[in-house]
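Asks: Listed below are the residues making up each chain.
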Amino acid sequence: DAKTTQPNSMESNEEEPVHLPCNHSTISGTDYIHWYRQLPSQGPEYVIHGLTSNVNNRMASLAIAEDRKSSTLILHRATLRDAAVYYCILRVLGQGGSEKLVFGKGTKLTVNP
Amino acid sequence: DAGVTQSPTHLIKTRGQHVTLRCSPISGHKSVSWYQQVLGQGPQFIFQYYEKEERGRGNFPDRFSARQFPNYSSELNVNALLLGDSALYLCASSLAGTSGGRVQFFGPGTRLTVL
Numbered sequence: 001d002a003k004t005t006q007p008n009s010m011e012s013n014e015e016e017p018v019h020l021p022c023n024h025s026t027i028s029g030t031d032y033i034h035w036y037r038q039l040p041s042q043g044p045e046y047v048i049h050g051l052t053s054n055v056n057n058r059m060a061s062l063a064i065a066e067d068r069k070s071s072t073l074i075l076h077r078a079t080l081r082d083a084a085v086y087y088c089i090l091r092v093l094g095q096g097g098s099e100k101l102v103f104g105k106g107t108k109l110t111v112n113p
Numbered sequence: 114d115a116g117v118t119q120s121p122t123h124l125i126k127t128r129g130q131h132v133t134l135r136c137s138p139i140s141g142h143k144s145v146s147w148y149q150q151v152l153g154q155g156p157q158f159i160f161q162y163y164e165k166e167e168r169g170r171g172n173f174p175d176r177f178s179a180r181q182f183p184n185y186s187s188e189l190n191v192n193a194l195l196l197g198d199s200a201l202y203l204c205a206s207s208l209a210g211t212s213g214g215r216v217q218f219f220g221p222g223t224r225l226t227v228l
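Just so you know, the sequences run in chain order C and U.
Sequential numbering of the first sequence, starting at 1, is according to the numbering used here.
Sequential numbering of the second sequence, starting at 114, is according to the numbering used here.
Hints may contain errors.
Simulated coverage check for chain U against chain C, where a stretch passes if three residues somewhere in it have a Cβ under 8 Å from a Cβ of chain C [claimed, not checked]: (1) 147-158; (2) 180-193; (3) 216-228.
Taking beta-carbon pairs under 10 Å as the criterion, some of the chain U residues facing chain C (in silico) [stated by the list, open to error]: (4) Gly-116; (5) Val-117; (6) Gln-119; (7) Ser-144; (8) Leu-201; (9) Leu-203; (10) Cys-204; (11) Ala-205; (12) Ser-207.
In case anyone wonders, no lab produced these hints; they're calculated from the structure.
Where is the CB? At the ideal position from N, CA and C, for every residue including glycine.
Generate coordinates for the entire structure from the input sequences, incorporating the hints supplied.
Replies: Now the structure itself:
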């Protein structure tokens, strides 16, 4: 299975930008890069996704390396509510139109007031 | 609009029993996927169903089965429960027929404890 590698944990201060890195050196041409975050005892929440170009939405920005072997999730101004486990995920297509999300181990983000 | 709903929220079973978990997707979503999340790890893909047919299956034993109904809701069944089946079971739904990176929306999960 396609694999992503992330730091186990990161720390940030409130109102500062946060850059969460992810390596996915075995990514294939059809794999999309997705980011989700998860609070304890809740389901993962979608953050952002992309294929080749950088992407922005109201929650975050996604910067994808030119060779697609790494990406960075950028939270422009961290708030206490952004504290969560952030998963860098590859959406993998299979035979017959199947698709699955392949999760890594995630990065636990702590935001200090 | 309501998000993905799952029932029950919590469940306690003993080894050897079977369990049925239920999921209702977001209105209009025809694809439902199931994931298992063991404590401290990322979710692992179990099944994907689309239009009542199994589209994909992860590396799980035959004790795990699922089905999708005409209204696109889904059930996950696990037979002969083992202690290692204790986990948060997540259901996710997505639109079908769209190009590009379809987004899966997750429900809150069912916490299964096997004693």
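Asks: If a hint holds in the structure, say so; if it doesn't, say that too.
Replies: Results for each hint:
1. 147-158: holds (count 6)
2. 180-193: Coverage by chain C is violated for the segment 180-193 of chain U (0 residues, Cβ < 8 Å).
3. 216-228: holds (count 8)
4. Gly-116: With a closest approach of 9 Å, the U:Gly-116 hint holds.
5. Val-117: This hint holds: U:Val-117 lies near chain C, its Cβ roughly 8 Å from the closest one there, short of 10 Å.
6. Gln-119: 8 Å, holds
7. Ser-144: 8 Å, holds
8. Leu-201: 8 Å, holds
9. Leu-203: 5 Å, holds
10. Cys-204: Interface hint status for U:Cys-204: holds (8 Å vs cutoff 10 Å).
11. Ala-205: 8 Å, holds
12. Ser-207: With a closest approach of 8 Å, the U:Ser-207 hint holds.
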